[in-house]
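For the protein sequence lines, the chains are A and B, in the order given.
Mapping of the first sequence onto numbering that gives the first Met the number 0: residues 0 to 488, in sequence order.
Mapping of the second sequence onto numbering that gives the first Met the number 0: residues 0 to 497, in sequence order.
Since the hints were derived computationally from the structure, they do not count as laboratory data.
Hints are not guaranteed to be accurate.
Stated by the list, open to error - Footprint (simulated), chain B over chain A, 3 or more residues, beta carbon under 8 angstroms:
1. 59-66
2. 370-376
3. 447-457
4. 472-484
To be verified - Calculated cross-link-like contacts (lysine-lysine; reagent style BS3-like; alpha-carbon spacing at most 25 angstroms):
5. A:K90 to B:K390
6. A:K400 to A:K444
7. A:K475 to A:K352
8. B:K396 to B:K266
9. B:K260 to A:K84
10. A:K90 to B:K266
11. A:K317 to A:K126
12. B:K366 to B:K294
13. A:K29 to A:K126
14. A:K466 to A:K404
15. B:K424 to A:K84
16. A:K450 to A:K400
Please read all numbers here as calculations on a predicted model, not as lab measurements.
Note that CB positions come from ideal geometry on N, CA and C, so glycine has one too.
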Amino acid sequence: MAQTEGAPGMNQTAYETVIGLEVHLQFNTKSKIFCGCANTFGAEPNTVTCPVCLGLPGSLPVLNQSALEYAIKVALALNCRINPKVRFNRKNYFYPDLPKGYQISQFELPIGEDGYVELPSDTEERKIRIHRAHLEEDAGKLIHDPAQNCSLVDYNRAGTPLMEIVTEPDIRSPEEAYFYLQTLKLLLQYLDVSDCDMEKGSLRCDANISLRPQGDPQLGTKTELKNMNSFKAVRLALEHEEERQTKTLQAGKTIAQETRLWDENLQVTRPMRSKEEAHDYRYFPEPDLMPFHLKPSAIDTLRASLPASPHQTCQRLKSDYDLNAYEAGILIQDRDLVDFFEACMREYSETKKIVNWIIGPLMQETNARKKNLKDLSLSAQAFVDLIKKVENGMISNLVGKDVLKIIIDTGQNPDIIISEQGLAQISDASALEQVIQEVLAENQKTVEQIKAGKQSALGFLVGQTMKKTRGKANPKMVNELLQRRIHNG
Amino acid sequence: MNLHHFTAHQALEKISTKQTSAKDILAALGKKIAETDSTINAYVRISETPVCPSSEASQKASQEASQKASPSQTNQLPYPVPIAIKDNICIRGHETTCSSRILKGFIAPYDATVVERLQKAGVPIHGQTNMDEFAFGSSTETSCYGPSRNPWNPDCVPGGSSGGSAAAVGAHEAIWALGSDTGGSIRQPASFCGVVGMKPTYGRVSRYGLLAFASSLDQIGPITKDVADAALLMNIIAGYDPRDSTSADIPVPDYTRSLIKDIKGLKIGIPKEYFMEGIDPEVNQAVQEALQILKNSGATIRDVSLPHTEYCVATYYIVATAEASSNLARYDGVQYGSRHYPAQPRRNALIDMYEETRTQGFGKEAKRRIMLGTYALSSGYYDAYYLRGQKVRTLIKSDFENVFCDCDALITPTSPTTAFRIGEKMNDPLAMYLSDILTISANLSGIPAISVPCGFSKAGLPIGLQIMTKAFDEETLFRVAYTYEQNTEWHKQKAPLA
């Protein structure tokens with residue numbers, strides 16, 4: 000920086016931040032967008048390819064109908080207007096990961112236009128408008144081999160169905176950008192069209208950011224930020240760029256329109272090297288694919304098949320099960336959790352107990368394992384059984400949590416685990432008598448204190464008893480037995 | 000009669016009566032190619048082991064063939080008659096290069112749909128034929144394998160871009176052949192070589208496996224010794240293909256049923272715009288005589304107008320080059336074909352490789368068309384060129400729709416001239432482009448068209464008659480062509496090199 004803050008000649012104009020986001024979403028369809036190859040992640044390089052996705056001479060694309068349906072569903076969920084005529088266009092540019100020298104994308108007739116995403120809020124309602132949502136094919140992937148000082152191409156990813164979702168410049172802060180991405184991701188997860196995993200690249204985000212003097216209707220010069228690998232990185236990159244642009248403008252300089260790369264290690268954005276001047280993609284209608292005419296009835300059918308949105312689900316949980324905002328808010332973060340909750344409710348009507356067990360012990364387990372509920376082999380039946388066993392005193396709360404771990408690890412049912420490992424709660428007074436005698440004998444002082452009226456010391460004795468029974472004693476019964484022994488002699 | 004002089008239907012008849020076999024015909028063709036192809040240069044690759052259906056399949060094929068009295072009884076009949084195909088149609092395991100240096104060494108890992116269909120019908124593929132590089136040309140002179148020559152006069156071009164296929168059939172080095180037609184590339188060489196060449200309706204024959212020149216114009220079609228063979232070949236190759244989204248899901252009739260020597264009551268239009276200046280008087284004379292024959296056969300002849308004809312060439316060279324510039328982008332040295340690096344690094348390794356590969360790999364005409372097409376699609380020029388071109392194309396298409404409201408077929412010359420001399424137009428691309436002036440409109444409007452021999456110039460060079468009908472009416476096309484052919488002897492003439 001040539002000038003530091005507060006240096007003479009600085010202007011102190013207050014700036015407004017203007018952000019627009021471009022999200023690329025890989026669909027989890029069974030096959031690729033224009034050929035029959037499996038749409039998978041992580042296979043050996045160049046093993047999931049065919050003449051079509053390799054762009055071999057003479058091959059031709061055929062649109063995967065389910066990719067089209069997914070795209071329409073997303074566009075509908077984003078409240079877009081669906082274009083009745085859909086056309087693909089070629090976007091021409093050279094890059095080794097692009098097998099045909101052009102990407103089949105959409106240009107003047109995208110699937111959806113003019114939609115919005117509503118950001119949930121307790122206070123003011125915020126809508127981020129969607130400029131367009133279009134369908135295209137993903138490119139392959141370059142793998143740089145430093146050992147041989149060369150680049151290799153893996154075409155497995157080439158032809159993965161991709162949807163580009165572009166907002167209007169409606170976002171006003173890096174924080175809001177982060178919130179938009181979270182809201183969008185949840186919305187997309189409910190549609191079950193993608194695993195939305197930024198690490199695997201199934202969701203990618205580029206950002207455009209510019210500043211303008213507060214109140215100025217004119218947009219400032221924007222920069223485009225790329226290479227962010229998490230929502231957090233998007234926020235950080237935007238914060239960094241917001242600060243850089245503010246300083247630049249306050250120093251009386253102008254912003255250069257450019258693409259900048261986020262450097263995760265150094266936590267800065269840098270101008271992209273060797274970036275050629277504005278590309279001319281020479282878009283023109285893809286002659287290998289006829290335009291598609293979407294029938295209103297087909298769109299209506301898809302609209303009717305849309306699952307409830309996270310927002311709608313939240314409302315429903317509150318009204319149907321009387322959950323509070325906190326509980327419902329947590330459950331809806333994972334649609335599988337909602338389904339699981341409702342499956343449990345069909346087995347057992349103790350709402351609060353089920354919610355507490357899900358939000359508490361179950362989510363502790365999923366978080367500890369960094370897994371989603373659907374990756375664990377846990378049935379609602381087994382989970383409810385477990386809760387019931389705690390409720391009817393067969394096992395203690397503490398043991399219940401251990402049994403849950405074992406169920407998740409082994410998939411065994413709770414009865415077998417409890418009996419095989421001898422975890423059943425000891426509720427038989429005669430079985431507890433001996434342990435109680437031992438505890439009292441070993442803690443004469445405490446017994447005296449209690450007799451002298453220090454009732455609070457009883458908890459220590461209960462704890463000692465539980466310890467000796469490895470948590471299996473029924474704490475309520477231990478409490479009663481201890482009271483009786485101490486006071487009745 | 001030598002075996003290589005057979006038409007496909009004659010060969011089939013002899014095979015079914017066990018007077019000859021596919022093997023004998025292949026041997027005769029091999030001998031003939033050895034004798035004359037050093038002059039003609041029709042072939043870029045001769046298959047040592049013809050791409051045949053499995054021996055079991057071919058045995059079954061010939062059994063079935065012999066059981067049938069006539070090949071016209073069903074369109075599922077196997078046809079064990081060897082064929083030559085243009086070097087832009089993929090055959091699994093065989094080099095396919097579009098006669099371009101840039102694709103040298105590209106071995107197709109899959110079969111084109113037409114190749115699959117040929118194999119299913121029992122047709123052995125015995126060679127791949129020369130062509131203008133990427134089908135860019137009307138003379139087969141832009142091939143990296145050197146020009147093919149006209150069997151009627153080796154100093155003349157065979158036409159193009161399917162010049163190898165037309166010369167092979169014209170020289171009787173092939174019984175029948177496949178070509179591809181983007182602006183006349185089947186019909187014009189057929190006309191120059193005195194054979195039959197047919198461009199089907201756009202969407203009638205699958206393009207899967209045809210190396211694309213201009214995707215919205217390209218069609219594969221037959222080049223044969225007579226109309227009956229063209230109908231037979233269409234029975235084999237036509238039909239919907241789920242791998243080609245532009246192929247039409249419309250039932251395919253048995254085209255041999257259209258081989259009727261009767262056109263009584265058919266209305267034939269003569270578009271006046273196709274008989275203007277620039278048409279060689281000898282060509283005009285031959286076409287007028289052909290009209291008389293059609294009239295004598297019972298057709299009504301009437302003058303019609305296709306008012307947007309004058310814009311055809313301009314429209315074509317915008318649309319076709321635009322699509323070609325994009326279709327040829329994949330030839331970048333990354334995955335297949337040839338790759339070159341400059342002797343001295345220039346910018347960076349990747350861009351150097353792209354530039355050097357394409358500089359060395361593409362010929363002059365390919366570069367010219369890539370640049371024209373890139374220009375037509377460039378931002379700022381798109382509306383004035385490509386978009387305008389597409390709008391004019393719609394007008395040209397509706398010209399034909401209007402004319403076919405009260406016309407069954409149109410008759411024109413196939414090319415304004417007979418075959419020109421090798422080298423004559425190589426340095427005058429515009430003169431070369433005008434060689435397609437009469438054939439381009441069928442591609443722009445998607446309709447089927449055929450060229451049949453209709454006479455000879457005083458210099459002894461063949462003249463072609465073009466017939467066009469409305470989209471998917473190949474039946475009327477074959478009927479008119481067959482009736483004309485059966486009333487003449489032109490198709491029976493043999494070239495000096497035959």
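Hint-by-hint comparison with the structure:
1. 59-66: holds (count 4)
2. 370-376: violated (count 0)
3. 447-457: violated (count 0)
4. 472-484: n = 0 at 8 angstroms, threshold three: violated.
5. A:K90 to B:K390: Holds, at roughly 21 angstroms.
6. A:K400 to A:K444: Violated. K400 (chain A) to K444 (chain A) sits at ~33 angstroms, over the 25 angstroms cutoff.
7. A:K475 to A:K352: Distance ~19 angstroms between K475 (chain A) and K352 (chain A) Cα, so the pair holds.
8. B:K396 to B:K266: 20 angstroms, holds
9. B:K260 to A:K84: 45 angstroms, violated
10. A:K90 to B:K266: It is violated: about 46 angstroms lies between the C-alpha atoms, which goes past 25 angstroms.
11. A:K317 to A:K126: Judged against 25 angstroms, a Cα distance of about 23 angstroms means the pair holds.
12. B:K366 to B:K294: 46 angstroms, violated
13. A:K29 to A:K126: Roughly 33 angstroms between the alpha carbons, so the hint for K29 (chain A) and K126 (chain A) is violated.
14. A:K466 to A:K404: 20 angstroms, holds
15. B:K424 to A:K84: 45 angstroms, violated
16. A:K450 to A:K400: Given that 25 angstroms is the threshold and the Cα spacing comes to 35 angstroms, the pair is violated.
Hints 2, 3, 4, 6, 9, 10, 12, 13, 15 and 16 from the list above are not met by this structure, while the remaining hints are.
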